[in-house]
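Q: Read off the chains here:
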Amino acid sequence: MLQRASSLRRPAGRAGGFRLLPALRPHPVATLLALAVAVFSLLPLGFIAIVTFDVGWETVRTLVFRPRVGELLVNTVYLELATIPISIVVAVGLAWLTERTDLPFRRFFSGLAVAPLAIPAFVHSYAWITVLPGMRGLWSAVFVAVLAYYPFLYLPVAAALRRLDPALEDAGASLGLSPFWIFIRVVLPQLRLAICGGSLLIALHLLSEYGLFVMIRFDTFATAIVDQFQSSYNSPASNMLGGVLVVCCLVLLLVEIGLRGNERYARVGTGTARPSTRHRLGWLTLPCLLVPLIVAALAIGVPLFTLGQWLWFGGIAIWQADMLGNALIQTILLSLAGGVLATLLAAPMAWLSVRAPGRVQRVLEACHYYVGSLPGVVVALALVTVTVRYFMPLYQTFATLLAAYVLLFLPRAMVGLRASIAQAPVELERAATALGRTPRRAVFEITFRLAAPGAAASVALAALGIANELTATLMLSPLGVDTLATRFWSLTSEIDYVSAAPYAVMMVVLSMPMTLYLHLQSKRVAGQ
Amino acid sequence: MTVLSIDKVSKRYGKVQALDQVSVEASSGMRTAVVGPSGSGKTTLLRMIAGFETPDSGSVSVGGEVLADAHRSMPAHLRGIGIVAQDGALFPHLTVADNIGFGIPRGDRERTERVLSLLEMVELEPGMLTRRPHQLSGGQQQRVALARALACRPRLMLLDEPFSALDTGLRENMRKTVARVLQAAGVTTILVTHDQEEALSFADRLVVMREGRVVQAGTPQDLYFHPNDRATALFMGDAVLLPAIAKGSVAACALGNVPIVGEHKGKVEIMLRPEQIRIATDGSQQDNTGQVVDVEFSGATSTIAVALNGVALPPIRIKTSSVALPAPGAYVRLDVAEKAHVLEG
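Protein chains in written order, with our numbering: chain A, 38 to 565; chain B, 1220 to 1564.
FYI, nobody ran anything at the bench for these hints, they're computed from the structure. Heads up, a few of these hints could be off.
Stated by the list, open to error - With a cut-off of at most 25 Å between alpha-carbon atoms, the simulated SDA-like pairs for lysine to any residue come out as follows:
| # | chain 1 | residue 1 | chain 2 | residue 2 |
| --- | --- | --- | --- | --- |
| 1 | A | Lys-560 | B | Pro-1311 |
| 2 | B | Lys-1234 | A | Arg-317 |
| 3 | B | Lys-1234 | A | His-316 |
| 4 | B | Lys-1234 | A | Thr-138 |
| 5 | B | Lys-1234 | A | Asp-139 |
| 6 | B | Lys-1234 | A | Thr-314 |
What the hints assert, rightly or not - Cβ-Cβ distance ranges computed for the label pairs, FRET-style:
| # | chain 1 | residue 1 | chain 2 | residue 2 | range |
| --- | --- | --- | --- | --- | --- |
| 7 | A | Lys-560 | B | Lys-1234 | 20 to 30 Å |
| 8 | B | Arg-1231 | A | Gly-338 | 34 to 44 Å |
| 9 | B | Lys-1486 | A | Pro-216 | 58 to 68 Å |
Yeah, the Cβ is synthetic: ideal placement off N, Cα and C, and Gly gets one too.
So that you can see chain B by itself, here it is in the shape it has in the complex (with noise of 0.2 Å):
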C-alpha cells in the first residue's frame, strides 16, 4: 500500500529551481532513501513533506490524503509525520524525559510508562531520563530525538541526515539501532542524505535527486550495478568506466571482450565497479592487459593503479587484497566478474 505519494512537485526561490516535478512514492513500512549531492533539491523535499514548506505545483499526499498541492497546504503540527533533524534539534530547556513527552498530551495517564518504552526502545538507560541534552552525546542525542518523534506514533517518520554529525564508527551503530528501531515499529521512513553508502545500507528503496529533478528510483543493488548515468555512476561508489565496442551481448574494450548486461550495438560507454575487477597476477610480458604504476598498502586491502594498454585513459584503481600484491612496474592481466553495465548516452 502506497504511504506517501508527491506528485509532479515544483518550487521555486527566486532564480532557482529547487525542485522540478518531483514525483516519489513509498509504500507502507519501506526505508526509502533519497540521496543526492548538496542542493539537489532533497532537503527541500522533506521539509515540503514535513509542512515547512509549501510546493508551487503538484501535490502531496499522505495514506491517500492530499496534504499540500498548489493552493493548500495542511499546517506542519496537523500532520503526524515525524522528523528527526540533522543534530536531533533537541529541547535546550527541558530533559531528556520531557523532550521525549513533548507530543504526548499531558493528561495522559500512560505517559510516564510510554516515555519509558521509547527510551528502551532507543536502547537508553533509564538513568538517562533526568538528563539534559547538553551532558549528552551526539549519538544519545540522536536517539532521544528519535523516540521523541516516535511517541507522537506518527503514519511517516522523515530523517533528515541524521547521522551525518556523528563520528564515523557510531554512524554505522547507529543507523543499525534506528533501522532496527523503525522496522519494530514498522513505520514508514523518508531518510534524506548525501551519503551514498549510507543510503545504501539503510534502505529498501533508493531515489536519486540532481539539480531539484529525480534522475533515477530502484533497490540499492539496481542503483548500484546499473546507474542510468554517468554522474548517478560516480555518485553511487567508485566506477571504472571505459569505452567499448558492443556487439550484442558482449563488448570490447581495453580489458578484453566483456559480457554485458541487455544487447548493445555501436559505441557504448561500460561501467564496472572495481570489485568486478580481478588480477589474474601470471600475466607476462606478451600477455596482459595492463601494467601497475602504483601500489597504495593500507592494511588488509590496498588499492592498486594499473595503465591499461592501448586506451589514453589514466590508470584504473582496483581494490584487492594485500596478499601477495604485484610489484610496481609488474604486468597483470585483469579478468572480470560478472557482467558490465553499458550506461545511457
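Extracted from the complex, chain A is given alone in its bound form (with noise of 0.2 Å):
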C-alpha cells in the first residue's frame, strides 16, 4: 500500500504539485549555484583556448608542429600503449585467480592485489630507482607503471567477474565449447566495460603523472610542462604543450566511449542469480601461487622493502621532528580545506542530478566530471595564467592552490554525495512536511541527516587524493608551503633518499584507508 502510495505521488509532485510543495521544485539557487561551478571547471579548458587565441595561430604552429613535441607524443603513444595491454594481462589474471578458482588464501591475495595504490606513483619510482639505479627510459617506465596502476583495473575486473551470472558460463558449456574457449567468447566480453573503465583510468593517470617519469628520466607531456615552466613560467611554449596534453586527455575520452560502445551488460531476465562455482586449479596450483606472489613481490615487497631499508639506514636522525611535523600539519590541513571544499561545491550538482536529473542537469554534470580526468600540470597552468592575468594579488596564494584541489578532486566529491542523496528519497523529506516540518526544515532534519555520513565520506575520498598531489602542489604552493609530497620531491631531487623515506612513509599510511575503501566498495558493490 505504502508503496502504491509513493509511485502514485511521484507524477503528480513533477507535474502539478509544486504549488502545494514550493521548497522541492527543482532549487533555483541549486541551479545558479551549479551553474557557477561548472564555468569554474571550464577554466582550464577556456584558458587553452584564450592563449590559443591571444599567440596567434603562427606561434602556435611554430610551438606545436616542432619536433620536440612530436617526440614527446611518440613517448606518451609508446608508454600508452605499452603498459595499458600488460596492465590488462596483469590485472585479468589475478582476478581470475582471486575470484574464480580455489587458489588458496584467495582473499589475502585479492587485499594484496590492491595495496600498491596505497603506494604514490612517485614512492614506486623512488623504491626502483633505489633498486636499480640505472633504470631509466621506455621500458622501466612501463614496468613501474604497471606497478602503481594495474590495480586501477584489477578493482573493476575482479567486481564484474564476481557478479557474472554463472548461467552464462554453463549455456557455453553445453554448446560445447572447452573452458579455454568459454573464458575468451563468454568471460572475457562481459568484462570489456571493466577493462575500458580501467584503462582509462591508467592511461588518464599515464599522462598526468609527473614524479615517477622524472625519476626514470622518461619524458613526457607532464615531465617537459613543469620543467619548461620552471624555466620560463607562463610561457605560450608550456601553455602550448598543455593544449595538446589537454587534446591527448579528450583523445583518450572519446577512444573509450568508441571502445565501450552503448552495450549493455546487465544480467538479462530476472530472478537471482546462482552463486559461481570456481575453478579446481589442482596440480596448476603451485604454479598458480606464484603469480600474486611475484605480482606483489614486485609492487609491495620492493617498494616497502627499500623504505625500511632507508629507514634503517637513516636510524633516528631522519625523523626530524619540526621539518616532518611541519609538513603533515600542513598536508592535513591543505588536505581537509581542499576536500570540504570540493565537497561543498560538488552539493548543488549532486543534489540536483539526484533530484531534478535533465539534459541541462547533465550537461553541467559532465563539466564537473571531465575536469578531474584533466593533468594537475594542465590545471595548475590554467590557474597560474588565470591568476597572472587578471587576480595578481591571488597569484601563489592559498586560494590558487585550494581552487586546483577542487577543480581535481571534484569527481571524487560527487560520487559519494549523489549516492548518499539518492539514498534519501525525496518521500522522505515530503512524509516530514506532512508531519508538520516546514519544507527548509523537512531538508536539514532528513535530507542532510541522510546526506551526512556520504559527505564525509566525499571529504575523506578528496582528502585523501590531495595528500598525495605532487604536481600542482609544486607549482602553485605559496612560499613556504611544504606537504609531504613536495617535501618528498625536494629531497629525493638532491638525492637524498634517506631524509625522504619517511615522507614517503607517512604518504603511503595516509593512503592507506582510502585504499582500503576502495577494496571494500568494488566488494559491496558485487553485493559481498
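Fit chain to chain and form the complex, with the hints in mind.
A: Written out as C-alpha cells, the structure is:
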C-alpha cells in the first residue's frame, strides 16, 4: 500500500504538485550554484582557448608542430600502448585467480592485489631507482607504471567477475565450448566495460603523472611542461604543451567511449543468479600461487623493502620532528580544506542530478566530471595564467592552490555525495512536511542527516587524494608551504633518499584508508 | 529405446543429502518432467545430467554411454546435451543471430541458413536477428535460448524451469510452443519444474522428487489420480482427503459409500479430486451430506465450502459451475464420480 501511494504521488509532484510543496521545486539557487561551479570547471579549457587565440595561429604552429612535441607524443603513445595491455593481462589474470578459482589464500591475495594503490606512483619509482639505479627510458617507465597502476584495472575486473552470471558459462559449456574457449568467448566479452573503464583511468594517470617519470628519466608532456614552467613560468611554450596534453586527454575519453559502445551488459532476465562455482586448479595450484606472489613482491615487496632499508640506514636521525611535523600538519590542513571545499562545491550538482535530472543538468554534470580527468599540470597552468592576468593578488596564494584541488578532485566528491543523496528519497522529505515540518526544516532534519555519512566519505576521498598530490602543489604552492609530497620530492631531487624515506612512509600510511575503502567498495558493489 | 538412464545417483553437499539413490529413465523422443518443491534435488539432478556436477556414487548414462560415475565425469562441453536455463542465459554481448549460431562452428557454410531455420522453428521474425538480448521480451529470450540449444543438435534437451520467469498468460503459450518445437525436432527432453500444472500439461511422464529422493514416477494421469502418499497427492493439486472404512471395493466415509480403486480392508485414507465431487442440489434437511458454509463467486466457476456431517474435519472445498449456486446455510447432497483413490500408509 505504502509503495503504491508513493508511486502515485511522484508524477503528481512533478507535474502539478509544486504549488503545494514549493521547496521541492528544482531549486533555482542550486541550479545557479551548480552553473557557477560548472563554469569554473571549464576554466582549464577556456584558458587553452584564450591562450591559443592570444598568441595567434603562427606562434601556435611553431610551438606545436616542432620535433620536441612529436618526440613527446611518440613517447606518450608508446607508453600508453605498452602499459595498458600489460596491465590488462596482469589485472585480468590476478582477478580470475582470486575470484574464479580455488586458489589458496585468495582473500588475502585479493587484498594484496589492491595494496599497491596505497603507495604513490612516485614512491614506486623512488623504490625501484634505489634497487636498480640504472633504470631509465620507456621500458623502465612501463614496468613501474604497470606495478603502480594495475590495481585500477584489477578492482573493476574483479568486481565484474564476481557479478558474472554463471548460467552464461554453463550455457557455453552445454553448447560445446571447452573451458578455455568459454573464457575467451563468454567471460572476456562480459569484462569489456570493466576493462575499458580501468584502462581509461590508467591512461589518464599516465598522461598526468609527473614524479614517476622524472625519476625514471622518461619524458612525457607532464614532465616537459613542469620543466618549461620552472625555467620560464607562464610561457606560451608550456601553455601550448598543455594544450596538446588536453587534446590527448580528450582523445582518450573519446576512444574509451567508442570502445565501450552503448551496450548493456546487465544480466538479462529475472531471478537471482546462482553463486558461481570456482574452477579447480589441481596440479596447477603451485604455479598459479606464484603469480600473485611475484606481482605482490614487485609491487609491494620492493617499495616496502627499500623504505625499510632507508629507514634503517637513517636511524632516528632522519625523523626530524619539526620539519616532518610541519609538513604533516600542512598536508592534513590543506587536504581537509580542499576536501571540504570540493564537497561543498559538488553539493549543488549532486543534489540536482539526483532530484531533478534533465538534459541541462547532465551537461552541467559532465562539466563537473571531465575536469577531474585533466592532468594536474594543466589545471595548475590554467590557474597560474588566469591569476597572473586577471587576479594578480591571488597568484601563489592558498586560494589558488585550493582552487586547483577543487578542480582536480571534484568528481571524487561528487561520487559519494550523489550516492548518499540518492539514499534520502524525496518521499521522506514529503513525509516530514506532512508531519508538520516546514520544507526547510525537513531538508535539514531528514536529507542532510541522511546524506551526512556520504558527505563525510566525499571529504575523505578528496582529502586523501590531495594529500598525495604532487604536480599542482609544486607549481602553485605559496612560498614556505611544504606538504609531505613536495618535501619528499625536493629531498629526492637532492638525491637525499634517506631523509625522504619518512615522508614516503607517512604518505603510504595516509593512503591506506583510501585503498581499503576502494577494496571494500568493489566488494559491496558485487553484493558481498 | 532408453536414451537417458540415471542409476542410483547420490550427491551430498556437507550435511545436505541433495540426491539419495535417484534412478530415472527416459525413452527416446519422450518428454519427462521432474517435479518437486524447492530443495527437492531436482535442479542438482539436472545439473548432473548436463555435466556441471559430479555424482558421489551411481552413474549417469546417455545412449548407453556412461557419462559420469563416482570415478570419472565427462566435461559438460563434450556431452552434446542442450540446456535452456530459467532466464535463458543469453549472451548479452551478442546479437540474436550470434547467440543462436554460437554452437555452430564458424566455418560451417550452412550456418546462416541454419540460424534462419531455427529462428523460424521457434516462431520468431527474421527481423529479430540483429537485436540484442536486452531488447527482447522474456518469452522471446526463451525462444532464442531454445533455438540456440537446438542448433547443436543435442541428443538430450534439458529445460530448467524455463517458463517460471514468464507471465501467466505467456507461460501457457510458451509451453505449447516449446512442446511443439521439441516434438518436431524429435529431441528427448527433461523438464525440471516446481509447478505441477506445468509438469502435468507438458510431459508424457512425470518423476516426483522430495528431499533428494524419487517418490513416484508415472504418467501424468497416474500421478494425479493415484498418488502413492498424502504429500504427493497434495503436491499434484487440490485434494479432498477423508478417513474411511474399506470393505472390498467400496469404502464408507462422510460422503457415504464410495467405490474405491482396488481391494482394501479396514481403516484407510481416501483421496478425491474436487472435480470428482458433484453437488446434487436437492439436499433436504433430512437427507444430506453437509451444509454450505461459504460461497466464493469467481466468474465462470465458484468455490463452495461444505461442512460434512458427522466428521470433525475442516469444510471441504469444491469447484462448481456458477449457475444455480446454493446459498450459504443450504443443505446439500454430494455425489462422487469415478472411484476414490486409497492412499498408502
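Q: Work down the list of hints and note, for each, if the structure agrees.
A: Hint check results:
1. A/Lys-560 with B/Pro-1311: Within the cut-off at roughly 23 Å; holds.
2. B/Lys-1234 with A/Arg-317: Judged against 25 Å, a Cα distance of about 22 Å means the pair holds.
3. B/Lys-1234 with A/His-316: holds, 22 Å
4. B/Lys-1234 with A/Thr-138: holds, 23 Å
5. B/Lys-1234 with A/Asp-139: At roughly 21 Å apart (the allowed maximum being 25 Å), A/Asp-139 and B/Lys-1234 satisfy the hint.
6. B/Lys-1234 with A/Thr-314: holds, 19 Å
7. A/Lys-560 with B/Lys-1234: 20 to 30 Å: Distance hint for A/Lys-560, B/Lys-1234 holds at roughly 28 Å.
8. B/Arg-1231 with A/Gly-338: 34 to 44 Å: Taking Cβ atoms as reference, B/Arg-1231 and A/Gly-338 lie about 43 Å apart, which means the hint holds.
9. B/Lys-1486 with A/Pro-216: 58 to 68 Å: holds, 59 Å
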